[in-house]
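Asks: Combine both chains into one complex, guided by the hints.
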Amino acid sequence: MSAKTTIATPMEPERYELRAAASYRFDLDRRDFFKFLGAGVIVVSVLKPAAIAQESGGGRRQGESLPQEIDAWLHIGEKGKVTVFTGKVEVGQNIRTSLSQAVSEELHVPVEQIELVMGDTQLTPFDMGTFGSRTTPTMNLQLRKVAAAARTILIGLAAAQWNAQTEHLVAENGKVTDPQNNRSSDYAALTKGQRLLQTLPAEGSLIPAAEWKVAGQSIPKVNGRDFVTGKHRYPSDQTLPDMLYGKVLRPAAFDATLVSVDTQQAEQMVERNWHGSATVVRDGNFVGVVAPTSQAASAALAAIHAEWKSEPQISNQGLFDYLRKDAAQGRDPSGDGDHYETGSVDQALASADHHLKRTYTVAYIAHVPLEPRAALAKWDGDQLTVWTGTQRPFGVRGQLAEAFHMPEDQVRVLMPDTGSGYGGKHTGETAIEAARLARAAKRPVKVVWTREEEFAWAYFRPAGVMDVTSGVRNDGTIVAWEFHNYNSGSAGIRTYYEIPNQRIVFHEVHSPLRQGSYRALAATANHFARESHMDELAHAVKMDPLEFRLKNLKNERLRAVFEAAAKQFGWGKSKGSGQGFGMGGGYEKLGNIATFAEVKVDQRSREVMVVRVISAFECGAIVNPDGLRNQIEGSNVMGLGGALFEAIEFENGKILNGRLSQYRVPRFTDLPALETLLLDRKDIPSVGAGECPMIGLAPAIANAIFDACGVRLRALPLVPNGLKIN
Amino acid sequence: MATIHLSVNGHTHTVDTDPQTSLLTTLREYLDLTGSKYGCGEGQCGACTVLIDGKAQRSCITRVGSLAGRPITTIEGLALGDHLHPVQQAFLDEGAMQCAYCTSGMIMSAVALLQKTPTPSKRAIIDFMDGNICRCGTYSRIIRAIQKAAKMTQSPVAKGSDQ
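Protein chains in written order, with this note's numbering: chain A, 1 to 726; chain B, 1 to 163.
Isolated chain B (complex conformation) (with noise of 0.2 Å):
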């Protein structure tokens, strides 16, 4: 057992656990973040995808203990408080979701593609999100709502606001 300070979504939250435990679980049961999920336990499906310095990493495969003190984001800590992220906003628009238990994952990875890559091709999109599954099969509609987010970034207008 360990002690381990988290930086999640801007807060420190010191946890008491085996440095082994995955951040996935840490997220889940010690800090009640529920929003990322478990789809597969081998970083195949994406579900549990987080921003951990700003890069897509798959949180069930990622160890808490090599964590202390590096930045992570989930998908809870994505709006600023009632304005949705553009990434958030375009899944809705598009109803890029329909049971939606992949769509914090898929959102998460979504916005480290466009933080990357602003304006990604189709073929970038399809390729950085191959990663992560949605069951429901609405990767048609995810891949409107990244490309409809990348407008939403760019255009100086909607930039900084809510949309």
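With the rest of the complex left out, here is chain A (with noise of 0.2 Å):
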């Protein structure tokens, strides 16, 4: 095994997979799909050439087998039974309850008799992974395509058994009708003996979202019970027979090297307490310990004696001063454009009556999934299973072959629902520990990260700096913009306002610390940065910051957003004392937000509270209205850390407050009243929830501020200290 257990993690990892080659695996033959199901109905979904280039990374195996380019199945059986398998995962957005509902719907069968099988790389289909809110713009809709195909080869059934005309039955409830007749057949009658396979046809009808019985409406989650009694195994509640508990010695401080290691003591502690189930393990850099309990391991680990050598490496003081001096001209080849020009900036900036240069910053945030990461393993010979938390099942198969040098069809991946995931669980670190302990310990292993290990070993929210040049004339049209954004990424970079003259560059940076994706990535320090720059030029102009941005704004969706979201916070009334108002919104992952919150300082502590928000949020057609609240008022909880307190402390490779008693995350009380409106618009494709609602609030809190005392902060977290303004 090498000695670099972990893969690197490019920023924004997604965008980069957009484009990476995919393996496609796909072993299943048509009759392969009978013998493990079962007999019955089988529908498969094969994505479009076009849809491939974009889900897949392009490609496309030939062979006699089924198309390799499949992203679902659904089966029916002969028990009536509906399953539907996806390389989606749940993390706590609740796609396992929408993907049923979408079956439901157009299957025309109860949500309880549907089963989801996800994220499990020998079952289901290859799936890049689930993020980037991808999922019910691609799957829900692939998924209603599957039912919709499904039900109709279940009519065609009936109709060649009644022989009767398709057109006069009606499927309901799971059983197809003819009323003219009234005769009936459940699906459980109609799979019965049959060993049908069809592939999605091209065409089919759906059922339009203004018609939605069962989609659109707000079904609880679908396996909540097994939540409330403790029934459901997360990863890290997994376990085997005969299984060990594995510790991994951590380095001193990152991209620290191993001068030396004394593994003596440890093994006699192994050898005298837990001979013959317990061992020390060495490989390379790679130094960890098994045992029978995860007490015993960590005793044993704490026994080993380890010198490391690092080098000086930045620390958070002077980071942003490292962030702009080392930035390339960076190519961020995936993002929203690493570099994008229209016009003449340097000449309107020259013409325009007021100009504004002004610098924001974002600090590193860790994600604190609250369940850390986790994987139990055990090997067969040379088959490998691997049970983990990760929201890239299919992308941590790939590390497992690459770190142990063998093919992909001999790793399995499984992941149970897990307990969050946030952008923050797109790499296997604790499968290939615990395979690689498992190996040499011949029994199944598992590994738990403590808190500690995940703040200093997972990946973080880039920090960032953006430098916004802008020119504004009197009457409130902006002429210029110039937007430089240093290494916190390009999702969100392009403004949604209408300027003629722009200059928008994204600048890669070599970051000090490990960094990856993030629930919205680098839309939130990007729409920090432009809907704060907003605020100020329209206190520049002498101008209402709603009325400013609307006459900047053409997007008719933005404008609803923001219209509604004023009107429902009552935008313009009169504030009291030490009362702020301010508001924040944008396009992001094809959803459209704006927040607005109200604010209250302390005028002798200077202490914020935020009292109100409100979220206006668009995303076409709603699925579930009480999903999609849940994902908007979260997103906005969790969006008061990083706008508010949370920032990663570092120096010279050591992270200072990796614990939860040192890195304040949003608790009860600091919940502000949360109001959301959703705008359904039934006559836009459904998109995804789980990231864009988070953009507004950063900005609509700090330009409240401004409002409330005068004090104009650029820098996330706004108020670290306390929740004081300096």
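Everything labelled a hint here was simulated from the structure, so no lab data went into it. Glycine included, C-beta positions come from ideal geometry on N, C-alpha and C. Please note that a few of the clues may not be correct.
Straight line, CA to CA, 25 Å or less: simulated SDA-like cross-link-like pairs of lysine to any residue [said to hold, decoys possible]:
id	chain 1	residue 1	chain 2	residue 2
1	B	K122	A	M609
2	A	K231	B	D82
3	B	K55	B	I143
4	A	K231	B	R144
5	B	K151	A	F668
6	A	K554	A	E341
7	A	K654	A	G318
8	A	K231	B	T12
9	A	K231	B	Q115
10	A	K231	B	D53
11	B	K116	A	F668
12	B	K151	A	A673
13	B	K148	A	L677
14	A	K600	B	R123
15	A	K231	B	G77
16	B	K122	A	F668
17	A	K231	B	A79
18	A	K567	A	F706
19	A	K724	B	I126
Covered stretches of chain B, going by a simulated chain A footprint (3 or more residues, C-beta under 8 Å) [as the list claims (entries may be wrong)]:
id	region
20	34-42
21	73-84
22	100-106
Replies: Here it is in structure tokens:
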């Protein structure tokens, strides 16, 4: 095994992964399907070539077996049970429920009769991963088509059986009915003895959103009972007979190299206390232990003495100077564009009535998924099986295959519904560690990271610097816009305001900390800078911030959310002493958000309290209103942390506040009054909502603080010092 | 090492372990009761909350050696057969979860709160629950669920039933 056990995460991996070549592995052929699933009706969804290029990275493997670009399939068994297979995974965004609704709607079976098999690399088709708010616009639509095709097959079976015409038959509640002749047959009877497999037809009619009966409803979490009873087994809850617990030695600092390691004492301890059921593993830089309990493994690990060598590294003091200075004219070929230019910014700036040049910054923050990374690994000869919590089970399968120099078809990764991710679980560190230890121990091994490990050895949302220069006319027309983002990313970097002269550049920087995806990615940073700057410009020309935005905004969907939120908020109402109102909003991952915040700044203590937050959100036709509200409320609560107080402190390759007693996350007492407005556009295809709702909050709060006390805060987090304005 | 008799969810379990072992580790690794979760290991997040003598305690910082014979209730012991505890039912009714990893700790804390204060004010709920973290941000729903559970347990009709 190579000493380097982790695969470096490029910034915003999903954007890179959109271009990464996919390894299609789909070994079942037509007969295998029935052997594996039993008789019945199977509908297989095959991505169109255009969609494949976007979703899976392109490439086609032709062969005797079924097409390789399958993204989902559905089976109706002889007992009428519906099983849907998708490589998407559940991390709390409730897609197990919303996808079940999609199938229920088109197949006309109750949600309770539908089972989703998700994120199992052996049983489900290849999927790039669950991120980028892609499940609703892609998989939800695809499963509706699959279910509709299955319904057509079932009606056809009934028609053949009764010698009737299909147009006289209707499917409802798990049955096909012939109302004219007063006869019906349930799906179980129709599928009995059948071995029908069909790939999804290119054309098929779907039920329009305006006529949805199950989709569009607030269906509760399908397996909710398993969670309130403690029955559900998360990755960290998985067990196997004879399982051991593993711990891995961590370097003293990032990028440190192992100078020497003394495992003698640990080995003696293992020999003395847990003879035969514990072991110390050394492989290059990788040093780990396994023992019968996690406590024993920790004790053995603590007995290992290691010396590490590391170079001086950038600390958070001076970080932003470093990011600006070290910036290359970065290429982020897969983002929203690393360099966009239109008109002549320099000329327009020279002729504008007002100019404004401002710098905004965002700190590194951690995802802090409440369930830390965890994996259970088991070897059967040269076959490896790993249960782990990851948003990319197929990606982790690839990482395991690479780490152990083995073909991917000898690796199976299963993803039990996991204790959240927020973009932070794209990688397979614990999977690789557990697998390495299990190979040495010749028994199944579970590795669960401690909170401290999760803070230090996962990855962070990138820090960044945004330089904005703008020019505006006295009448409030923005004429010039220059925007530079250093390191944090290009998601949401382009402006949706109508500005004739623009220069927008993303600069990639070698990050001192390991960084990667995070819910809404750089869109939070870019919207914070843009929407704060819009507020500053409005004040520069003495215009109302809402009026100023609408004057420069043509996008109807975005205007609609701003106007709806403003109305609900009562924008323009008079305010009391210390009270402040602000807004922020934008467009990301195909959704539209406007967030209005009310804050109170205590005049004596200078402490900020976020009193009320109103978000108006529009993401096309709504699939599950309550699930959607939950996502929007959750985005605002999680977003409070990054907006107000979350920041990773680090020095010389070490995290200084990597525990929950040191790193503050939002709690009950931080909760403002939350109001959510849903704009249901049944005429527009549904898109995702896990990320976009987050982006308006930070600028809304910053703008409200300015409104309350005249202090302009341009750094996220805004008030890390006990919520006090410095 | 010591032999410790633990009373968990009405059953007595005998475990041979170091008395310094945390209750959370004991529940999860020795008794295979995995409903109580690890989140921080320092009593900061509440995911490991159980009831000891009817009071909410952080099992990750409670040493098992001090618990011999004292009644311990975990999330697995809350429902009576198929009949959910009112707090469990209220969490389902209000959709008070996303990934739900915090849910068992939230429910156990809420049960302890309602035992002590059957009709808590919203402020009292917020203050009592502040030690429990939900990273998905479902706090407002959890508050509603606790208010609903309080009503369920107060209502004479619902009392004693699964609702």
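Asks: Please flag the earlier hints that this structure goes against, numbers listed from lowest up.
Replies: none
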